[in-house]
Amino acid sequence: MSALIEPEQLSSETELVWLEDIEPLDYVRQTLDRLPTRRGKPAYHRAGRMVGYAILGPKARSSRASGTFVRRVFWLLPHDRDGQPTGLYASGAPSEAVDPRTVAPGIKGYKTQRSEGGPESAAMRELGMILPEA
1 MSALIEPEQL
11 SSETELVWLE
21 DIEPLDYVRQ
31 TLDRLPTRRG
41 KPAYHRAGRM
51 VGYAILGPKA
61 RSSRASGTFV
71 RRVFWLLPHD
81 RDGQPTGLYA
91 SGAPSEAVDP
101 RTVAPGIKGY
111 KTQRSEGGPE
121 SAAMRELGMI
131 LPEA
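All letters in the sequence shown, in the order written, are residues 1 to 134 by full-length UniProt numbering.
Please keep in mind that the hints were generated in silico from the structure rather than gathered at the bench. Mixed in with the good hints, there may be bad ones.
[Claimed, not checked] Just the calculated beta-carbon pair ranges, DEER-fashion: (1) S91 <-> P58: 40 to 50 Å; (2) Q113 <-> L19: 37 to 47 Å; (3) T14 <-> G87: 28 to 38 Å.
For each residue, glycine too, the CB sits at the ideal point set by N, CA and C.
Construct the complete structure from the given sequences, taking the supplied hints into account.
Okay, structure coming up:
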């Protein structure tokens, strides 16, 4: 869950790879997965789809016990807002969700009015950004 992600767990990230355009996505789910490599597209074993993942730098250390690396994976489930705009998450967002526009290598990201399904902020309106009607 994103609330449980500590900044030091992201310190080895050098790049985020998005597998699809994140602009229309109000939120993505993020988790830390134990993966066998620092780089490359990881295998995906959840329902739904993987939206992106982190790449680690060469100084990233593997776990002594498992030999795996802790890497961030971004994903969505079929019942998330992008697939069911009037469904369970028409407003609000899952606990592990963040607005993908707030995420960067080494930066956890956070929820915004957009990710929570709320009204546009004054700043968004000034920039001409309008949220889709729920």
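Now the hints, each set against the structure:
Between S91 and P58, the C-beta spacing of about 43 Å keeps the proposed range 40 to 50 Å intact. Between Q113 and L19 the C-beta distance comes to about 25 Å, which lies outside the given range of 37 to 47 Å. One distance hint, 28 to 38 Å for the beta-carbon pair T14 and G87, holds here, with the actual separation near 36 Å.
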